[in-house]
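Top to bottom, those sequences are chains A and B. Going by the working numbering, 47 is the number at position 42 of the first sequence; the sequence numbering is gapless. Going by the working numbering, 152 is the number at position 147 of the second sequence; the sequence numbering is gapless.
If you are wondering where the hints come from, they were derived from the structure by calculation, not from laboratory data. Hints may contain errors.
Given that identical chains are not distinguished, each listed pair holds provided it fits within a single copy or across any two copies.
With a straight-line Cα cutoff of 25 Å, these simulated SDA-like cross-link-like pairs (lysine to any residue) come out [to be verified]:
hint : residue 1 : residue 2
1    : K94       : G219
2    : K111      : E15
3    : K12       : E70
4    : K111      : H224
5    : K94       : G126
6    : K111      : A159
7    : K111      : E65
8    : K12       : E23
9    : K12       : L71
10   : K111      : Y125
11   : K111      : H225
12   : K111      : E33
13   : K12       : R22
14   : K111      : R16
15   : K94       : D221
16   : K12       : H148
17   : K111      : G160
18   : K111      : R223
19   : K94       : E129
20   : K94       : V66
21   : K111      : A59
22   : K94       : G149
2 protein chains.
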Amino acid sequence: MSVHTSKEFERELRTLRERLLAMGGRAEQQIQRAIDALRRRSDELADEVIRCDAAIDRDEVEIDELAFLVLARRQPVASDLRFVMTALKIVTDVERIGDLAVNIAKRVRELNRHPTEEVYGLMEQLAALVMAALRGALDAFVHGDADAAERVIAGDPEIDVLNTDVIRAALGAASREAHEVGRWLALSSISRYLERIGDHSTNIAEMVIYSVRGRDVRHHHGGEQE
Amino acid sequence: MSVHTSKEFERELRTLRERLLAMGGRAEQQIQRAIDALRRRSDELADEVIRCDAAIDRDEVEIDELAFLVLARRQPVASDLRFVMTALKIVTDVERIGDLAVNIAKRVRELNRHPTEEVYGLMEQLAALVMAALRGALDAFVHGDADAAERVIAGDPEIDVLNTDVIRAALGAASREAHEVGRWLALSSISRYLERIGDHSTNIAEMVIYSVRGRDVRHHHGGEQE
Numbered sequence: 006m007s008v009h010t011s012k013e014f015e016r017e018l019r020t021l022r023e024r025l026l027a028m029g030g031r032a033e034q035q036i037q038r039a040i041d042a043l044r045r046r047s048d049e050l051a052d053e054v055i056r057c058d059a060a061i062d063r064d065e066v067e068i069d070e071l072a073f074l075v076l077a078r079r080q081p082v083a084s085d086l087r088f089v090m091t092a093l094k095i096v097t098d099v100e101r102i103g104d105l106a107v108n109i110a111k112r113v114r115e116l117n118r119h120p121t122e123e124v125y126g127l128m129e130q131l132a133a134l135v136m137a138a139l140r141g142a143l144d145a146f147v148h149g150d151a152d153a154a155e156r157v158i159a160g161d162p163e164i165d166v167l168n169t170d171v172i173r174a175a176l177g178a179a180s181r182e183a184h185e186v187g188r189w190l191a192l193s194s195i196s197r198y199l200e201r202i203g204d205h206s207t208n209i210a211e212m213v214i215y216s217v218r219g220r221d222v223r224h225h226h227g228g229e230q231e
Numbered sequence: 006m007s008v009h010t011s012k013e014f015e016r017e018l019r020t021l022r023e024r025l026l027a028m029g030g031r032a033e034q035q036i037q038r039a040i041d042a043l044r045r046r047s048d049e050l051a052d053e054v055i056r057c058d059a060a061i062d063r064d065e066v067e068i069d070e071l072a073f074l075v076l077a078r079r080q081p082v083a084s085d086l087r088f089v090m091t092a093l094k095i096v097t098d099v100e101r102i103g104d105l106a107v108n109i110a111k112r113v114r115e116l117n118r119h120p121t122e123e124v125y126g127l128m129e130q131l132a133a134l135v136m137a138a139l140r141g142a143l144d145a146f147v148h149g150d151a152d153a154a155e156r157v158i159a160g161d162p163e164i165d166v167l168n169t170d171v172i173r174a175a176l177g178a179a180s181r182e183a184h185e186v187g188r189w190l191a192l193s194s195i196s197r198y199l200e201r202i203g204d205h206s207t208n209i210a211e212m213v214i215y216s217v218r219g220r221d222v223r224h225h226h227g228g229e230q231e
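Using the sequences plus the hints, can you model the full thing?
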């Protein structure tokens with residue numbers, strides 16, 4: 006491979022990394038927006054989340070195409086091949102995180118039809134943890150930092166516990182006010198969506214470790230299923 | 006590429022296909038077992054589902070390794086490359102279907118602590134549709150049949166509607182018997198897990214179309230998010 010070709014190849018890998026990172030940033034913004042919509046009881050913000058999902062969907066298709074071209078043209082091996090495979094897996098998780106932000110926005114729209122209520126101390130904590138996990142996983146990917154990825158994985162049980170706390174609180178409230186059960190169902194759905202975003206962040210972190218160390222750590226740690 | 010090498014390559018692609026199909030069969034069996042556990046109120050069957058998930062997890066790691074080796078050694082292009090990329094995506098969906106079967110089994114264990122109840126007409130219908138979708142998507146993959154994959158995608162809205170019906174029924178029952186709200190929450194969770202298995206089947210079908218036609222159909226049809 007000539008020096009020139011090798012430089013081209015490196016540029017393509019960098020583009021792949023940058024595109025994926027930009028997509029991840031968009032997904033983070035969508036979660037933030039959905040949580041803001043919840044906090045401010047804003048249908049407008051919720052609608053914006055729903056509308057903006059198309060950009061993330063386009064990212065997915067374009068990044069997959071880019072990965073296909075890199076594999077076809079450059080036929081990478083060893084760590085470069087692992088990197089492209091990792092990108093292919095991660096892009097799917099990020100796209101689904103985008104879908105989950107849309108799901109949260111839809112539940113917010115339902116909640117907005119119910120009267121105001123006390124919440125959201127626990128939910129805010131949960132959202133903060135989940136967004137930190139996603140950010141951590143994306144940073145680990147950018148810097149190829151397997152230790153940082155391990156910290157993301159280590160943090161997932163805390164997210165699971167907090168999700169259970171939110172659902173238990175919603176359940177208790179639902180038993181006291183049976184007529185408002187729909188409201189509490191929507192709240193527990195949002196909590197579950199956040200927890201699933203946490204799981205996707207763990208998936209991303211696992212793929213980063215695979216990419217960096219060439220060793221598969223999936224299914225070697227405890228914790229809840231998807 | 007010599008005839009010999011080409012034959013070797015074809016054999017590897019066939020192995021990849023067969024391994025993925027066997028994994029899909031295992032996932033189907035897990036859903037079936039989880040629904041049987043629900044129907045018969047059997048903790049033993051539910052535990053079996055939880056225990057058997059490890060085999061699906063191993064499948065995922067091994068199939069990814071196989072795909073890596075094929076890409077590294079054979080450096081496929083065009084439709085062969087698309088096929089391997091498809092396999093990499095599908096394996097993730099099948100693994101998560103396995104996780105969802107485990108989630109159903111865990112909710113069944115919760116339900117078994119509550120008294121017997123009327124159910125499960127709608128839930129059985131939903132489970133039957135979802136299993137047909139998964140089977141259809143896997144068959145489409147084996148036969149490289151994009152038309153069959155399109156039928157799977159076309160069937161997804163019916164699954165979404167049925168899921169909404171089940172959750173609405175659970176919600177109505179929960180408002181009437183507030184003290185049994187936990188039972189109905191578990192039922193709606195199971196319904197949601199089934200619906201998500203339907204979504205993963207749609208994802209698989211979309212990747213089959215991509216693999217066969219070399220054209221990306223994701224995000225070009227309507228319907229609910231993930």
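Outcome of the hint check:
1. For the homomeric pair K94 and G219, the shortest alpha-carbon distances inside one copy (15 Å) and between copies (19 Å) are both at most 25 Å.
2. For a Cα distance limit of 25 Å, the shortest separation of K111 from E15 qualifies neither inside one copy, at 41 Å, nor across copies, at 47 Å.
3. In this assembly of identical chains, K12 and E70 lie within 25 Å of each other by CA distance solely inside one copy; the values are 20 Å within and 28 Å between copies.
4. In this homomeric assembly, K111 and H224 come within 25 Å of each other (Cα to Cα) only across copies, at 18 Å, whereas the closest approach inside a single copy is 32 Å.
5. In this assembly of identical chains, K94 and G126 lie within 25 Å of each other by CA distance neither inside one copy nor across copies; the values are 34 Å within and 37 Å between.
6. Taking identical chains as interchangeable, the C-alpha atoms of K111 and A159 lie at most 25 Å apart only when they sit on different chains, with a minimum of 23 Å there against 30 Å within one chain.
7. In this assembly of identical chains, K111 and E65 lie within 25 Å of each other by CA distance solely inside one copy; the values are 22 Å within and 33 Å between copies.
8. Within a single copy, K12 and E23 get their C-alpha atoms as close as 16 Å, which meets the 25 Å cut-off; across copies the closest is 38 Å, which misses it.
9. Taking the closest pair of Cα atoms, K12 and L71 come within 25 Å of each other only inside a single copy of the chain (17 Å); across copies the shortest separation is 29 Å, beyond that limit.
10. For the identical chains of this complex, K111 and Y125 are intra-copy neighbours only, at 17 Å inside a copy versus 27 Å across copies, given an alpha-carbon limit of 25 Å.
11. In this assembly of identical chains, K111 and H225 lie within 25 Å of each other by CA distance solely across copies; the values are 20 Å between and 35 Å within a copy.
12. Taking the closest pair of Cα atoms, K111 and E33 come within 25 Å of each other only inside a single copy of the chain (17 Å); across copies the shortest separation is 30 Å, beyond that limit.
13. Within a single copy, K12 and R22 get their C-alpha atoms as close as 15 Å, which meets the 25 Å cut-off; across copies the closest is 35 Å, which misses it.
14. Proximity of K111 to R16 under the C-alpha cut-off of 25 Å is found in neither arrangement, the shortest distances being 39 Å within a copy and 47 Å between copies.
15. In the homo-oligomer, the alpha carbons of K94 and D221 lie at most 25 Å apart both inside one protomer (13 Å) and across protomers (16 Å), since each shortest distance falls under that limit.
16. Only within a single protomer do K12 and H148 lie at most 25 Å apart by alpha-carbon distance; the minimum there is 20 Å, versus 40 Å between protomers.
17. Taking identical chains as interchangeable, the C-alpha atoms of K111 and G160 lie at most 25 Å apart only when they sit on different chains, with a minimum of 22 Å there against 27 Å within one chain.
18. When the C-alpha separation of K111 and R223 is checked against a cutoff of 25 Å, the pair qualifies only between copies, where the shortest distance is 21 Å, while the shortest distance within a copy is 32 Å.
19. Taking CA atoms no more than 25 Å apart as the test, K94 paired with E129 passes in neither setting, with 29 Å inside one copy and 33 Å between copies.
20. In the homo-oligomer, the alpha carbons of K94 and V66 lie at most 25 Å apart both inside one protomer (13 Å) and across protomers (13 Å), since each shortest distance falls under that limit.
21. Taking CA atoms no more than 25 Å apart as the test, K111 paired with A59 passes inside one copy only; the shortest distance there is 15 Å, against 34 Å between copies.
22. In this assembly of identical chains, K94 and G149 lie within 25 Å of each other by CA distance both inside one copy and across copies; the values are 15 Å within and 22 Å between.
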